[in-house]
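Protein chains: 2
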Amino acid sequence: MASHLDVRHVLTDCPSVFVQTPPSLVTRTHSRPLVTPLLRSRQVHLVKRQTHTVANMPRLNLGNINPHVVEAKYAVRGELAVKSEEYRAKLRRGETDLPFSEVISANIGNPQQLDQKPITFFRQVLSILENPRLLDNEQVLLDHLGYKSDVLERAKFLLKNIGSVGAYSASAGVPAIKESVAKFLERRDGFPADPARIYLSAGASSGVNTLLHIICANPSSGILVPIPQYPLYTASLSVLNATCVPYYLDEAASWGTSVETIKEAYNAAKRNGTDVRAIVIINPGNPTGASLSEADIKSVLQFAAEENLVVMADEVYQTNVFIGKFHSFRQVLLTMQKENPGKYDGVELASLHSVSKGMVGECGHRGGYFDLVGFKAEVEEQIYKFVSIMLCSPVIGQCLVELMVNPPRPGDPSYLLYEQEYNSIFEGLKKRATALYEAFKEMEGVECGEPQGSMYLFPTIHVPAKAADAARAEGRTPDEFYCMRLLEATGVCVVPGSGFGQKEGTLHFRTTFLAPGTEWVSSIKKFHQEFMNKYR
Amino acid sequence: MASHLDVRHVLTDCPSVFVQTPPSLVTRTHSRPLVTPLLRSRQVHLVKRQTHTVANMPRLNLGNINPHVVEAKYAVRGELAVKSEEYRAKLRRGETDLPFSEVISANIGNPQQLDQKPITFFRQVLSILENPRLLDNEQVLLDHLGYKSDVLERAKFLLKNIGSVGAYSASAGVPAIKESVAKFLERRDGFPADPARIYLSAGASSGVNTLLHIICANPSSGILVPIPQYPLYTASLSVLNATCVPYYLDEAASWGTSVETIKEAYNAAKRNGTDVRAIVIINPGNPTGASLSEADIKSVLQFAAEENLVVMADEVYQTNVFIGKFHSFRQVLLTMQKENPGKYDGVELASLHSVSKGMVGECGHRGGYFDLVGFKAEVEEQIYKFVSIMLCSPVIGQCLVELMVNPPRPGDPSYLLYEQEYNSIFEGLKKRATALYEAFKEMEGVECGEPQGSMYLFPTIHVPAKAADAARAEGRTPDEFYCMRLLEATGVCVVPGSGFGQKEGTLHFRTTFLAPGTEWVSSIKKFHQEFMNKYR
Chain D
1 MASHLDVRHV LTDCPSVFVQ TPPSLVTRTH SRPLVTPLLR SRQVHLVKRQ THTVANMPRL
61 NLGNINPHVV EAKYAVRGEL AVKSEEYRAK LRRGETDLPF SEVISANIGN PQQLDQKPIT
121 FFRQVLSILE NPRLLDNEQV LLDHLGYKSD VLERAKFLLK NIGSVGAYSA SAGVPAIKES
181 VAKFLERRDG FPADPARIYL SAGASSGVNT LLHIICANPS SGILVPIPQY PLYTASLSVL
241 NATCVPYYLD EAASWGTSVE TIKEAYNAAK RNGTDVRAIV IINPGNPTGA SLSEADIKSV
301 LQFAAEENLV VMADEVYQTN VFIGKFHSFR QVLLTMQKEN PGKYDGVELA SLHSVSKGMV
361 GECGHRGGYF DLVGFKAEVE EQIYKFVSIM LCSPVIGQCL VELMVNPPRP GDPSYLLYEQ
421 EYNSIFEGLK KRATALYEAF KEMEGVECGE PQGSMYLFPT IHVPAKAADA ARAEGRTPDE
481 FYCMRLLEAT GVCVVPGSGF GQKEGTLHFR TTFLAPGTEW VSSIKKFHQE FMNKYR
Chain A
1 MASHLDVRHV LTDCPSVFVQ TPPSLVTRTH SRPLVTPLLR SRQVHLVKRQ THTVANMPRL
61 NLGNINPHVV EAKYAVRGEL AVKSEEYRAK LRRGETDLPF SEVISANIGN PQQLDQKPIT
121 FFRQVLSILE NPRLLDNEQV LLDHLGYKSD VLERAKFLLK NIGSVGAYSA SAGVPAIKES
181 VAKFLERRDG FPADPARIYL SAGASSGVNT LLHIICANPS SGILVPIPQY PLYTASLSVL
241 NATCVPYYLD EAASWGTSVE TIKEAYNAAK RNGTDVRAIV IINPGNPTGA SLSEADIKSV
301 LQFAAEENLV VMADEVYQTN VFIGKFHSFR QVLLTMQKEN PGKYDGVELA SLHSVSKGMV
361 GECGHRGGYF DLVGFKAEVE EQIYKFVSIM LCSPVIGQCL VELMVNPPRP GDPSYLLYEQ
421 EYNSIFEGLK KRATALYEAF KEMEGVECGE PQGSMYLFPT IHVPAKAADA ARAEGRTPDE
481 FYCMRLLEAT GVCVVPGSGF GQKEGTLHFR TTFLAPGTEW VSSIKKFHQE FMNKYR
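Chains as they are written, first to last, in the UniProt record's numbering: chain D, 1 to 536; chain A, 1 to 536.
Calculated from the structure, these hints are not laboratory results.
Errors might be hidden in some of the hints.
[Said to hold, decoys possible] Examples of chain A residues lying across from chain D (beta carbon under 7 Å, computed):
id	residue
1	59
2	70
3	71
4	124
5	130
6	137
7	149
8	153
9	157
10	164
11	359
12	374
13	377
14	385
15	389
16	443
Cβ coordinates follow ideal geometry from the N, Cα and C atoms, glycine included.
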């Protein structure tokens, strides 16, 4: 039963429902045990009202649901994304009152929504996993449908180890797939990996969710998170009611990671009583595209060792690198451990990867993994239990992880096509990134670093003071205002920099460079010019 | 920096690491700002020790990670399940020292891990979604691979609406699939449904996780949960640090749901200061199999209306019904609303369904949905944001939801095979359930109600006092002890009743009736007799 306070709250919310008290409720009201006869008449009255109210008003409202969910911000799929979907639906219905004929979702790294084609080898294998009866007619597949013998072999290998993709797997993933991941890590890093330390997850997001759930013990638990960042981290920390400890990346140094800056953020948080437990590194960066040098990774690991911080290395863009070279945190840590026996043994590293990005681009399949170095067995047991509650990650997504880490090799029947598709996606992304970058260079008040990697550019914008005033009048930040006008004028949906965090006084937006063609780039240029002229 | 207390803690944990202080750390130590010269010598000493310790000891341990994860219990994939996987691996390696030749995972409702074959129509469609290039050779599919024209049509319909199954969908699911679900709800319940109130999820588990995250605001938020229950609910509430308010199902009345019992539990919780906000109903029940009558559903909804409780109807077993008839909460609520204008408008109902159970049995694909009635728009916005953070549910799983709710109909080319497969799975489950039930009837000290539905039997066991003593000596409950011995002797893995909750003083275990053949049933009977003889 609601308290008197609740009743008052209800009264304020919706007085009209009190006009009538239906007779049907009276019986029930009388059957309640009342504390004292003195209170009876008032209490009956209240109970009556309240019961009627109760039946006519939902229990949940913004003021009484989980406040930590309410506090969470997630701009990538926020107001702009919702509006862009409304425009898309309008266009689909044939409504022609919009100043554009297509919505370009440059707000989200979703390659196959735009132009990226899936890798043939991967999808051929998956088609057999979904319908193993296809293997009853191998010759038809080989002769008429373009399947190669290695496709059939891989499908048989996976089916033998999985049974059915319709069955739950072990909670942390199919053992044979974890073995493939371990072999990949060994080839990539030069150090053997233990399949038992690998956890297959529904994309990297689910892995991040698991790890943060384990690491954060209470509201004072703090996690160092790069800013700008992919908002998964801040949103998940909000929901968990833990503390985000932001550290800024250095835009002037190509969005580099500076350990000095990290230390400042760390020390400030400690002074405020935050129990900083972990540091997140996104490498290559999202939204910045920056790859860390080996020396930078070393200094982050050194710092983590000194301060006893868990390291979470989000490495989902490890193959999306145009400038520099990807070094895995795992490889660097294991090298440091080898060169300094005993010194770095206590470092806990969780590295995350995904099938969603890179040349795979299979976001919709929700596949990924994280691997652990240095975690105590008793903590891993809790991780295992936590992932068990959600049963297992999608098994077809797990199979894609296997295909990603173990693609066709030179000499395999599917290799030539695989290599051609892979390289063509890579070159296509680079070309689009460059075209967009060139356009930004020409735009007044826009500054953008050379494309380094990932799937995004994150230009700085300088807007006239009048635009900032107009934004304020709408209750928006200037970057939100700019992005909203861009969407309305061009159908291009990007994300304001405030969705990722940005230094006070700076404005940015994040755009993917996945969309094909140059028309949408031209439309951004045209819009920008008009926007600047209007508010000059 | 760790406090002195932390240093002491470290000292207790692992004193050996203090033997040497490596010179490499001294420089860093000196660079620290020290508060006063007086403190310097002690502090430097401490910092040195600590820094070295820090580098050699993981940060996380059972005592400092998220206590709510540590508290959570999840028996379905607990110690017994882990041990059964070890046995399975042993058998795979050809080790022959076990007294059985096969592990039967009767601990988890995982139809396709055992014998249930996927429905052909579903998997043929999915194979095309994974490899749309198959549509370049339609005639080959039709003439040589057993595909029918409606398979091709459905695949084209889904591809048209989805684009690629490798792309993220809208956060709450593909709009066209939500429309199919809405039509299904209308056909099933006789009331139209709004696609915008439907959220596609990664199995029902993920839907439950979302809803509990929204509903529970703080530790005093309480949710009424049936006992025995599927431990997803208790485990999720532990992780969320909210309060589970158990209500017992009545074993003597075929595991019926009694509103009187619910009221008692509710009132007791209120008296203890719990802010009870919702009631979970699992219908048909897991692990009990019981289906609620229409009258029982009405009385639960009446109670929810009176006490202003959100209703969560977990209806994943809606087609696994052998005795009685499935009535959806949605149909009953909308009927009550129609017959009593205005009276039940405030009831919030979330109904959950899944592709994992029923004759579909596609657990590994992680597909499901929940639909909402009566939730405020401002609350739904928060639900939308919450599901956005994890981006979207697996798109292939979403497609399976579409196929489940919109299967081939009479006259469609695939209908006859579909109907035959569907009925054969249903009859097979019923036959196996009956065989297991008959075996339990013959076992001394075992009582089991007639199979009613779902995928489980949940017999009561009475074990001799000596067995209870032996269990205590091992630190186990008697039912855990019984199940562990059963696994060791027969390779059959079941879940102790304590994993689902059971009335004080009673013992049960849950077994699926999915495994084929009768040999495993005989081995349970044989084990049971020996167990009873040994401890008599």
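Going through the hints against the structure:
Because the smallest distance between the Cβ of residue 59 of chain A and any Cβ of chain D comes to about 5 Å, under 7 Å, the interface hint for this residue holds. At its closest, the beta carbon of residue 70 of chain A sits 6 Å from a beta carbon of chain D; the interface hint therefore holds under the 7 Å criterion. The restraint placing residue 71 of chain A at the interface with chain D is violated, with a minimum CB-CB distance near 10 Å, outside the 7 Å limit. Taking 7 Å as the C-beta contact cut-off toward chain D, the hint placing residue 124 of chain A at the interface holds, the least distance being around 6 Å.
For the restraint placing residue 130 of chain A at the interface with chain D, the shortest Cβ-Cβ distance is roughly 4 Å, inside the 7 Å limit, so the hint holds. Hint status for residue 137 of chain A: holds, given a least beta-carbon distance of 6 Å to chain D, under 7 Å. Because the smallest distance between the Cβ of residue 149 of chain A and any Cβ of chain D comes to about 16 Å, over 7 Å, the interface hint for this residue is violated. The closest approach between the C-beta of residue 153 of chain A and any C-beta of chain D is roughly 17 Å, which is over the 7 Å cut-off, so the hint fails.
Residue-level restraint check for residue 157 of chain A is violated (minimum Cβ-Cβ distance to chain D is 15 Å; threshold 7 Å). For residue 164 of chain A, the shortest C-beta to C-beta distance to chain D is roughly 4 Å, which falls under 7 Å, so the interface hint holds. Annotation: residue 359 of chain A was flagged as interfacial toward chain D, and the flag is violated, the nearest CB pair being 12 Å apart, outside 7 Å. Interface hint at residue 374 of chain A: satisfied, since its Cβ lies 6 Å from the closest Cβ of chain D, which is below the 7 Å cut-off.
A hinted interface residue such as residue 377 of chain A counts as satisfied when its beta carbon comes closer than 7 Å to some beta carbon of chain D; here the least separation is about 10 Å, so the hint is violated. Checking residue 385 of chain A against chain D by beta carbon gives a least distance of about 6 Å; that is within 7 Å, so the hint holds. Interface hint status for residue 389 of chain A: upheld, as the beta-carbon distance to the closest one in chain D is roughly 5 Å, under 7 Å. Hint status for residue 443 of chain A: violated, given a least beta-carbon distance of 29 Å to chain D, over 7 Å.
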